[in-house]
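Start from the sequences, fold in the hints, and give me the full structure.
These protein sequence lines map, in sequence, to chains P and W.
Residue 70 in numbering that gives the first Met the number 0 is what sits at position 71 of the first sequence, and the numbering runs on without skipping anything.
Residue 137 in numbering that gives the first Met the number 0 is what sits at position 138 of the second sequence, and the numbering runs on without skipping anything.
Warning: the hint list may mix true and false statements.
Capping the alpha-carbon separation at 20 angstroms, the derived lysine to any residue pairs in SDA-like fashion look like this [as the list claims (entries may be wrong)]:
no., chain 1, residue 1, chain 2, residue 2
1, W, 73, P, 46
2, P, 33, W, 106
3, P, 33, W, 73
4, P, 1, W, 74
5, P, 33, W, 239
6, P, 33, W, 250
7, W, 360, P, 12
8, P, 33, P, 19
9, P, 33, W, 238
I should point out that these hints are in silico values taken from the structure, not numbers from a laboratory.
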Amino acid sequence: MKVEEVALPGVGRKFTITVASGDRLVIVVHSSGKRELQYFEAGEDDEPRAALDLTDEEAREVGAILAGVLFHPEAVGDTQSKLGQKVIEWIKVLPGSRLAGKRVGEIPCPPGPTSWPWTGPGRPWCRTRGRRWSWRWGTPWWWRAPGRRWKP
Amino acid sequence: MHPSLEAFALAAGLLALGAALVRRFGFPPLPVYLLTGLLMGHRLPVEELEPLPSLGLLLLLFSVGLEFGPDRLKELSGRATRAGLYDALALPLGFLLGLLAGLDARGAALLAGIIYISSSAVIVKLIIDLRRAANPESEVVLGVLVLEDLVIALLLALLGGHGPGGVLAGVLLALAYLAFARLLGPHLVRLMESFSDELVLLLGAAFTAGTALLFHALGASEGVGAFLSGMVAASLGLRERLERLFGPVRDLGVALFFLVVGAEATGLLRGLTPVGAGLALLGLLLKLPLNHLGGARAGLGRKRRLYAALYLLPRGEFNLVLGSLALAQGYPLVAQVAVLMVLLSVPLGALLIRFAPEIGKALFPPEKKARAAAKAG
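If you want it as C-alpha cells, here you go:
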C-alpha cells in the first residue's frame, strides 16, 4: 500500500492511497472537516468510479469501523493489526531523559488499561489505555514541541 | 433607524436570492454577487454598506495570506513549481503588452501584475463548491496560486508605495513583521492556545485592520498589510483556528464586496476605450496557453492540463487591489482593464470550470471510445 500526502492550500490535505490491486482511493480532508472520497479503478485516471462525501462525524465512524474498533475480525488474528492501533507521536527526548537512545521496543510500557507516569518535570511519560497509547498525553504544554506533532 | 440597515437588508436579500437561484443549477454563487451588483447597483445605496465591503476585502486578503503564505512553499511539489514557472512568464509578456499599449514602466508593471495574478479566493471557492478538490489538476493549480500570491505581494510592496520612501517603509515594515513572527512566534503560540475563541477573533481583527492602517499610513498598500498579517498569523500556528473563526465573517464581507465592485464598475467603465477592452481580452487569453504548457510540464494528462488552464482564468481580489492602486497613481486605463478582467473572468471562469468535464469530453472523445471498445471486446 502506498500513501501520498499533499497539502491543498485553502482546501485541506489530500491523501492518495494505492492498494495492492492498483485501485486508488483519493481522500481529501477539508479544513472544514468534510471528507471527500473518490475511487479510481486501476489504470483509470480520468473519471472516478465512485465519489462520496462524509461529514467529520461520519468519517470518524467509518474510520473506526475500518480500523476494527467496533468489530475486530477473528480471522485476521491479533498480531497484524496491533501496530495500527497504537498511536505514535514524535516528540523530542531531552538528553537527560530515561528514554534517550532507546528503541521503542525497549521502553518499558506495559500493556493493559493502566497508566504509568514517569515522574519529574520535563520527562515524557507514557500511559496505556486499552490498546492505544501515546507519549504525548500528559506532556506539559510548555514542553511540547510547537508546530507539527505528527510526522508520517 | 440607521439608513445602513435598509441598505444591508436589501443587499443581503438580493444576494441570498441570487445564490439560491444558482444553487438550483449546481452553480457557484460568487459570480452572481458580481452580476447582481452590475444589474441592480444603480438602485442600491451601496455607500451605506461601508465599512462591510472594505472589511470584506481586507479579511479576504488576510485569509489568502493565511492559506497561501511562504510556509506553503516547503510543501510545494516539483510539479506545481514547474507549472508556476511557466505561469510566471505572464509577467514579462504582460509588461511588454503594457509598453506596446503606450504605458510607462510603472503602468506596464501594474498591468503585468493584473494579467498575471489569478484569484486564489475565487478559485479555491470554485474548487470546493464544485467538488473538484480530489482531482489531480487541483493540486497543481493550488500550487501555482501559492507562487502567484507571493510574487504579487512582492510586486505590490514594490509598486504600492508613494515614491521611494513609501516602498522602503513598506519593505522594512514587512521584514519587521516577519522577524517578529520568527522571534516571538513560538512564545505566542503557547499563549494563544489558552485564549478563548472570541479573544482570538477580536485580536485577529484588530491585528489585521491595524496592520492595514499602519501600511496605509506609511504610504504602502493596505492590501499588502492585510496579506502580511495573514502570513504572520499562519506562522504563529493559528491557521486552522482563524480560518474557522473568520470564515463566516469573511464570506459575508466578500459577498458584499463583490456586490459593491459590480455596482461601482459601471461608473468606472463608462469611458472604456477599445484599447482597454482589447488589453483585458488579450490578458485573459495570454495565460491560457502558458498554463496549458505548465500543466503539461507538471505531468498532467491532455484533459487535465486543459482543466488546469481553465481553472486559472478567474481574476479577483488582487486585481481590484492593483486596480485601485493604478487609479490612485494615475493610470485609469490599467484600472479599467483590471475591473473589466474581473467582471469577465469570474462568471466566464465559473462557467468554464463548471462545464470543464463536458468540454474535455467534447474535445477528446476518441480515446475514451477506444478504451470502452477495448473493454467490451
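Verification of the hints:
1. W:73 / P:46: At roughly 30 angstroms apart (the allowed maximum being 20 angstroms), residue 46 of chain P and residue 73 of chain W break the hint.
2. P:33 / W:106: Cα-Cα ~43 angstroms, so violated.
3. P:33 / W:73: violated, 25 angstroms
4. P:1 / W:74: The given pair, whose Cα atoms are some 19 angstroms apart, holds under the 20 angstroms limit.
5. P:33 / W:239: holds, 14 angstroms
6. P:33 / W:250: holds, 18 angstroms
7. W:360 / P:12: This hinted pair is violated, its Cα atoms lying about 28 angstroms apart.
8. P:33 / P:19: violated, 27 angstroms
9. P:33 / W:238: holds, 17 angstroms
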